[in-house]
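Visitor: Protein chains in written order, with our numbering: chain X, 1 to 947; chain W, 1 to 947.
Just so you know, nobody snuck in bad clues.
Any copy will do: because identical chains look the same in the list, a pair fits if it lies in one copy or spans two.
Pairs of lysine-lysine, DSS-like flavour, derived with a Cα cap of 30 angstroms:
1. Lys874 x Lys298
2. Lys241 x Lys874
3. Lys875 x Lys241
4. Lys53 x Lys270
5. Lys875 x Lys428
6. Lys871 x Lys736
7. Lys871 x Lys428
8. Lys187 x Lys168
9. Lys874 x Lys736
10. Lys875 x Lys736
11. Lys874 x Lys399
12. Lys428 x Lys874
13. Lys871 x Lys408
14. Lys736 x Lys399
15. Lys875 x Lys298
16. Lys401 x Lys187
17. Lys168 x Lys281
Hints listed in this document are in silico derivations from the structure and should not be mistaken for laboratory results.
There are 2 protein chains.
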Amino acid sequence: MATANDDDVKIQMLKADGVAHEDIQEEPSGSEISEPIPGVKRKGRNLFFNDGKSRIDYILAWTRPEKEDENTEKAKKARDIFHHNLQEEGLQLELDDSDPEIRYMKVHATWEVLSRYGEILKIKMPLQETIVSADIQKKYSKWETLEEENPVKAVSVQIWTAITGLFKRFRAPFELDSSIVPPMAKKYTLAFSRDREYMFDMPINKDEFFTVSERCRIVDFILRRKSFGEDKNQAFSFGIKKMLADGFYSAAYPVHEGHWKAGSAMNSRKLLYDNWAHWSKFFKIQPLDHIRDYYGEKIGLYFAWLGFYTQMLVPASIMGLIIFIYGIAIMGDSYPSIEICDPKLNITMCPLCDFQCPYWKLQEACSHATASRIFDNNATLFFAIFMSLWGTLFLEFWKRKQAVIQYKWDMIDFIKEEEPPRPEYLAKLADTAKTKVNPITGLKEPHLPFWRRRFPTYLLSYSVMIFMASLAIAGVVGVIAYRVSTLAALNLLHDDGTVRSNSTIVKGTTEVIYKNASLVTTITAALINLALIIILNFIYSKIAFWLTDFECLRTQSEYDDSINIKLFALQFVNYYSSIIYIAFFKGRLVGRPGDYNMVFGARQEECEPGGCLIELCIQLAIIMAGKQIVQNNLIEIALPKLLKLAKRLYRRKFKKETAEQKANMAAWEKDYELSVAENTSLFQEYLEMVLQFGFLTIFVAAFPIGPLCCLLNNIIEIRFDALKFTTDLRRPVAEKTADIGIWFSVLYAISRIAVVSNAFIIALTSDFIPRLVYANTYSQDGSLVGYMNFSLSYFNTSDFDSRHKPPHWDEVQICRYRDYRNPPWVEEKYEYSQAYWHILAARFAFVVVFENVVIVITSLIAWLIPDVPSKLRKKIRREAYIASEIVIRTELMKARGQSPAGSLLDSIISKMSFPNLPSKDNGNNVSDLRKRGKAEITSVDDDNIDA
Amino acid sequence: MATANDDDVKIQMLKADGVAHEDIQEEPSGSEISEPIPGVKRKGRNLFFNDGKSRIDYILAWTRPEKEDENTEKAKKARDIFHHNLQEEGLQLELDDSDPEIRYMKVHATWEVLSRYGEILKIKMPLQETIVSADIQKKYSKWETLEEENPVKAVSVQIWTAITGLFKRFRAPFELDSSIVPPMAKKYTLAFSRDREYMFDMPINKDEFFTVSERCRIVDFILRRKSFGEDKNQAFSFGIKKMLADGFYSAAYPVHEGHWKAGSAMNSRKLLYDNWAHWSKFFKIQPLDHIRDYYGEKIGLYFAWLGFYTQMLVPASIMGLIIFIYGIAIMGDSYPSIEICDPKLNITMCPLCDFQCPYWKLQEACSHATASRIFDNNATLFFAIFMSLWGTLFLEFWKRKQAVIQYKWDMIDFIKEEEPPRPEYLAKLADTAKTKVNPITGLKEPHLPFWRRRFPTYLLSYSVMIFMASLAIAGVVGVIAYRVSTLAALNLLHDDGTVRSNSTIVKGTTEVIYKNASLVTTITAALINLALIIILNFIYSKIAFWLTDFECLRTQSEYDDSINIKLFALQFVNYYSSIIYIAFFKGRLVGRPGDYNMVFGARQEECEPGGCLIELCIQLAIIMAGKQIVQNNLIEIALPKLLKLAKRLYRRKFKKETAEQKANMAAWEKDYELSVAENTSLFQEYLEMVLQFGFLTIFVAAFPIGPLCCLLNNIIEIRFDALKFTTDLRRPVAEKTADIGIWFSVLYAISRIAVVSNAFIIALTSDFIPRLVYANTYSQDGSLVGYMNFSLSYFNTSDFDSRHKPPHWDEVQICRYRDYRNPPWVEEKYEYSQAYWHILAARFAFVVVFENVVIVITSLIAWLIPDVPSKLRKKIRREAYIASEIVIRTELMKARGQSPAGSLLDSIISKMSFPNLPSKDNGNNVSDLRKRGKAEITSVDDDNIDA
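Could you build the full structure based on these sequences and the hints that come with them?
Guide: Rendered as C-alpha cells:
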C-alpha cells in the first residue's frame, strides 16, 4: 500500500523485494524516541522513519516556542506525558526538528499494536482467497447453474442478455478504465483475530495487511484516548483533540500517500486525482471503492450519495426540459394571452398604485402574460406530480443503494462507539466546581444543571435564532418595499398622469425601461434579495457556531446536531422566505380599488394580469442559480484559490523560499501547509445539497428547468469537492458511518412539504384552476374564449375614495382589476362574486385531491419498493443459513463422537461480516485442522451442506 | 419448574430433594424406546415417564388403525423412521398404548440434547447472581448515588417521591398480589454455552435449568427438522408438520403443566388461570412475564399489546364520555334545532320520494334534528383532533413499551430463522416434475414457474377477491334499496296523500311508527346490514383460506401474510362500506326537486334535515356493538361452549364414560381432547382488534362513545382470550417474535386514514361548516338565528316534472328542500347559489387545514417521542460501554505481560444479551480463573473500571 515518490526509488525497491520489511513484526515494542541522526536530513516525499522501514502513520506537530514561559513549560510537560503514554501503548515515535519553526513527531504503529487494536476495534479483514473461494463462492455458482433448461427460458435469457448488453454499452462511456482503476470486488471478511491469523489474506510483508486508512484510524483511536495529565481526573486531560484545543500541538494529521501532480509516480492519491478529481473525468462514475479506501466510509458515503443524487437528476432534467420546451412551443397560442395582447379589446385597467399611478392598458402586460404561459400550463400539473413521485423514488432507491454499499463496505452491523466529551466543553467548564459521575463511562465530568445553566443558554440561543430569522423576513419586507416604490417611480417617471393610449409613441430608453417596468423591478429586486441572502448566510454561519459554542454541548455529535438544526433552519428561512412570499402571499390580500388593505399606510403589491407565477419563476431562477454561482463557485472555490496564491506570493517574497527548497520539503511538511480537514465540512456539503433538493422539489411547479440547473451544478460540485479533498486538505482520518444520518429524515420531510407546496402553487398561484372552472362552467362552448374578460372585475371610478383618487380620475368611467367581484351595477357591489367562491372551492378541492392522491401513490411506491434489494437479501439469508446449518451439523457430529471437521469453515462463515451469527470457537479443533490443511475441510463441508 | 399434581406427591418429593434427578445428565443418549410395563398403568396428571424421572416434553399421538392396509403400513414406516431419527438425535421416547383408540408417544429431552440445542438456538439463560450482582448491579447503584446533594435537589426529590407514591397508591388496586404472583425481575442473561456452564444460574437439578417452555421449543425445533423418509430428497419427507398433514400422526403437542380447576395444587397453569383468566381479575394488570414464561414471547406480546391498547382506551373513553355528556347537555338549546321544532315557522317540505310521497312539515324532523346535536357540535371538532393525536400517541408509546419488553424478554437481537416450505405446499406439488434447487438452503424443492402457474392463480385469486368485495357493496346497495322503499311504504301507509298539517291527530301504532319512520328505517336497515356483514364475514374467512390454499405459497409466513391481506381487505370492505356510504355519499348527488338524479329509475336517498350524522352514528353503534356482541361473544365464545357441552353429553351417553374414568385420564389424554392451538388464531385476534381500532379512529367524529364501547369490550376480550388459552386449547409451543409485525404498519396506515376521514366527516357530513359560514357571513348578528331558513331552498311546485308530480301537488305553491340553490324567482333558478360555493370552499379549506395541521402535529409528536425510553437507552449504552472498555484494558494488560484478570467478566458482559458486543474468548484464561474463584475477579474489575 505504501508507495514512495520517484525520488525515493531506493525505498520502493526495498519494499518490492519484500525482504527488508519482513522483520518489522518482530521488533520489540515501546522503544525510545529515535534521536534524529545529525546531518542525515532525509527529505522529499518519504513516508518512513529514518530507518527506512517504519511507516509514518501520523504526524504530531507543534511550533517551537519563541521564548520559554510558564505556558510553554506546561505544554512541554503535557506532550512528554502524552508521548510516554503513547510509547507505553506500543507506538513508536521519531522526532524531526530540522525545521526552524515547527517540530514534527512522527508516529508509527507496529504490527503488535495494529493487530491488538484491529481485534479490539473488530476491523473486518479479508479472508484467504483459498478458503473463501473454494467453499462458498464455488457453491454459489453451482447453485445458480443448477436450474433446469427449457427453450422458453433460453429465449428469455437471450433477450435479457441482449438488454443488459445494450445497457452495458450505453454505460461504457461513463465508466472508468478498469485497467487504470481496478474494480474492487467485495471481499469475504471477518473481524480480525490474532488467534486466527492464518485464516486471513496476509501479505508477505505483514505491515501491508492493514490498509493505510485503517492504520491511521487505529493510531487516531489511541491518540484520542490517551491521557496527558498526571491526575486521575481523566476527563480534563484526555486525548489529542483536547491537546490541540489547548494549543499543546498545532496540528495532528496522517500524511498523504504521494504527489498528485502530473509526472509523479502512481499512488492512491494520484489515482484519485487523475480519475476522480480531474475535470476531464466529469462525466465518469466515481471510483467509490477507492475513495472509501483512501478517505474512509464517511466521506465515501457522501460521494456515493452525491453521485447517486446527480444520476437521479438526469431523468428529472430531461423531463423538465421537455416540459420547458413544450411551454415555449405553446406560449403564443393560448386564449388568455391572445386576449391580453389583443389591442382591439382596449381594456383600461385601474392604477397599480395610489395617487401617482395612472390608468393603464391591459395589452401592456402582453409580453409578461405570454411568458407566463411557459410555466403556467397543463404540463406543469403533470410535472408537479412527476417530481413528487421522483422525490419518493429517489429516497427509496437511495435506501437500496445504501444497503448495497453497507453490504459491500461491511457496515451492516456497524454501531457507533461511546463518545467522549468535547475538549472545548471540558476546557470551558474546567473551573466549574460542580462535577457529576457520568452514568455510562463512570468518569467524573463537569455537570451543567438543567434549570440554572442549560435552560437559560437554550433560551438565549433560540431567541437569537428567532431574531436572526426575523432579520431574513425583514429583508424580504425591505425588498417588497423596494419593489412597490420602484414600480411607482417608474410609472411616474414615464407618465405625466394622462391615460396612455395605443397611439402614444414614446421614444428612448425610458420607454424600454417602462415597457419592462415590472420585469426590471422583479429582476433587480431578486438580485437585491440574493445579495441580502448571501450576506445573511455569512452572518448566520458565524452566529450559529457562536451560539452553539455558547450552548456548551457535551459530545461532538450533540454539537453537530445542534449546528445542523440551527443552520438548516436559518438557511431555510433565508433562502425560501422571499420565494414563499411570492408563491403564496403576494397579491392575495390586496383588497379592491377604492378599498385597498393598507399595511403601514401603503397599498400592497399586486400580481400581474399574467399571474404571479412568472415572477416566482424569475425569483427562483435568480436565487437558485445565483446561490450556486456566487456561494458555491466564488466563495467556496475562487476565494480559497486566491488566498492560496496570496500566501505563496507572500512566502516567495518575504521568506525567499526557492523552488529547490520547496521540492526538498518532507511529506509531512507539505501536508502541514494544507488546510485542516474539519469534520464539519462534510456537513456543509450535505446542507448545501439538501437546500438544493428543497428548491428542486418544493417549488418545482414554477421552475421546470430547475433539475437541469441542479444537474449541471452538481457535476461541477462533485469534481470541485474531489479536488478539495485530494489537493487542498490534509488527509482526514478515515471515519466510519453506516448511513447519511439525519439528512435522510430531512430529505423525507422536504419531499412531503413539496407535495403540499406544489399542490398550493398549482391551486393558488397558477391560473390553472380558474381556467378549468371557466372552461367547464362559465364558458359558452368549453373553450377559453372570453376568459380574460371573466377574470377581470369592473370598477366605477366614481367610487374611488377621495384620498386615493388617481390623477385625472374622471377621464375613465369604468376601470378593470384582476379579481372576481360583483360589478358596480348590482346590489351587493364589489362583494365577492359567485365565480370567486366557485373558483375558491375548486382550488381547495384540488389541493385536497392532489395532496391525498400523491401521498397515497408515494406511500404505495415506498411500500412496494423493498429497502434492501431482493438479490442482496437472498445473499445475506443464504450466507446466514449456511452458517447456522453448519453449526448444527457440526455439533451433532461432535455429540455422536465423530470428528467435528466442519468447524473451521463454521467459525469462518459464522463470523463473516453478517450480524448475529453464532460465534463458535473450538480452539483445539481449529489448531488440529490447521495442521491437516484445507483440502479435507472442503470435502467434509460438501457432504454437510448438500446432504 | 416441573410441578406435579396433588395426587402425585411422591414424584414431587422426589424432585424436591433434588437427588433422584441428579444423574439424568449422565444417562447415555439414544436408548431404545422404553417398553410400557404391563399392569403398571400410571395415570392421572403425571408429567413423567414410567421411570418417574424423565419429564414428558412432547406428545405424539396417532389413532390405532381399524384395519391394516397400504396407508397404515406407510404411516407406520414413516413413524418408525421418524422415531429412529429422534432417538439418534438423543431424544428419549416412551409408548403409551393403554388407550384402546389412541397411541401416545411420550418424548423426553435429556440434558445432553437440551444443552446442545440451547447452545445452537442461542437461548439466553440467566447468569449466576453472584457474578452479576457483585459486579454490574452494584456499580449501577454506586453511580446513581454518587451525585452531589443540595437542598433544592432534596426538595425536588421529596416532591417526586410524593408524586410517585400517589401514583403507586392509585395503581395499587389494579396490581396483582405480589405474594401470589411473584414479579419476575429482568435477569442478566447470556446465550447458553456448555463451555461456560459454571457461569449460569444452575439449579441443583440440572433438569430444571431450562424452563418448560424452552424445553418444548427445543423438542419442537428438533421435530420440525427431522426426516421421516428414506430418500435423500428431504423436502418431501421432512418434519412433524408434514407428518401431521399426511395423517401419520393425529396430534403433536406439549402437555399442560397441571390442573387449573379450584382445589388443584398450585402450578403455572393454575396461577395463570386464577390471576389472569379469572373474571374476578378483570380490572387487574396482566401478569405478562408469567404469560411469556408459559406461552412464549409471541403470545405474551399479543397480550401485552392488547393490555396496553385497553389501557390507552381509558383516557379516550373518558374524553368521549365528556363530549357525549356535553352533547346531551346542549342538545336542546341550539338555534337550528329550535327553529326546526318551532311549529310557528310552519315550513312545508318537498316530498321525500316520487309519486306517492306527500309534502311534509319540517317540525316532524324535530326529534331527529335535536338528537343530531349530540354529535354535531363544536366539541366534535375538538374530539376529532384529540383522537388523531391519541392515535399517534398510542402508536408512539407502544413503540416504547415494546422496546422495554424486548429488553426485558431478551429479544433485542432476535432474528427469525430460515423457514422450511409448508407441508401442504410440498404435498400439493409432490407430483410436479419441476424442481429447483432453493438458492438459500440448497435443498431440492418443487418449483412453480411464475408466468405459467403463479400468475394465473394470483389472477384468479384476486378476481375472486374483487368479486367478494363487490358482494359486500351489493349488500350495501340492497340495504339502500330497502331503506328507500320502506320509507316510501311507511309514508304511504300513514297518509292518503293530503298534506299533513299540525292539527292532524292520528292515533295508534301507525302514528308511532310513522313519527319515527326514518328512525325505524335507519335502525332496521342497520340490523339487516349487520346480519349481512356477519354472514359475509363467515363466507369470507372460508373463501380467504380456500384461495390462499389454492395459491400454493411456499412458507408459512408467506401464507400468513397472504391470508392477512385478504381477510383484512375483505373485512375492511365488509364492515366499513355501509358506513363510508352514509358518511360520504348519502344525499350528496341527489339532485333537486323537479330534476332528481335517477339511479336505476329510482330517486336516491336524502339526508334528514338534521344531517346524515345521526344516521351515521346509529349505523356505527349498531355495527360496532353488534359485531362485538354477535361476532366476539356469540360465535367465539357461546358456540364453542355449546359444542363442548354437546360433545360431553354425547360421550356420556354413547361411550358410557364415568367420572372416575375421566379423573383417571392421563395428562396427555386430557390435553388430547382440547382444541388445537393454531398459529392463525392469534392473527384472528389481531385482525379483530385492528378493525376495532379502525372503527374507533376513522369514524370517531360521529361516535364519541365509541372508545368506551371498545374499552368495555376489550376488558371482556382479554379475559375471554386468557380463558381460551388456559382451559380450552392445548399448550402451544412457545414461539419467539420481537414485535407485532405487519400490524404496526396497518395501525399506522389506519391512523393516517383516520385523519383524512375525520376531516371529511366534519367538513362534509356534519353541519359544522355551513353553520360557521352562516354565522360569520350571512347572519345579521353573528348568531345562528335564521340558519334553518338559510339552509333550505325554495321550489315552485309548478316546476315539477309531470312524471314526478306528487299527489295533490297543487295544494302547495312553494315547498322547501335542503340544499343551497337559487330560488325560483331569480333568473338562473335552481342553479347552485353563491352560498353553496361559499360553503363548499369553506368545507375544502377546512379539510386542507385540518389535514395538514394534524399531520404536522402528529409527525412532530412522533419525532419528539423517542422510540426507546431514554432510561433504557442509557442502560444499554452503559452496559455496552463497560463491555468494550474491559476488552481494551484486558488486552493492553495482556500485551504488557500482566495477568489478564478481567477476562472472565469480560466474556460474561460482552456476550450479555446486547447485540454487537465484542466476543472474546480466551479459553485458557477462563479455565484458569475458574479455579481461582470469583472474589479476585471482582477486585480486579474495580481497578479496571474506576481508574
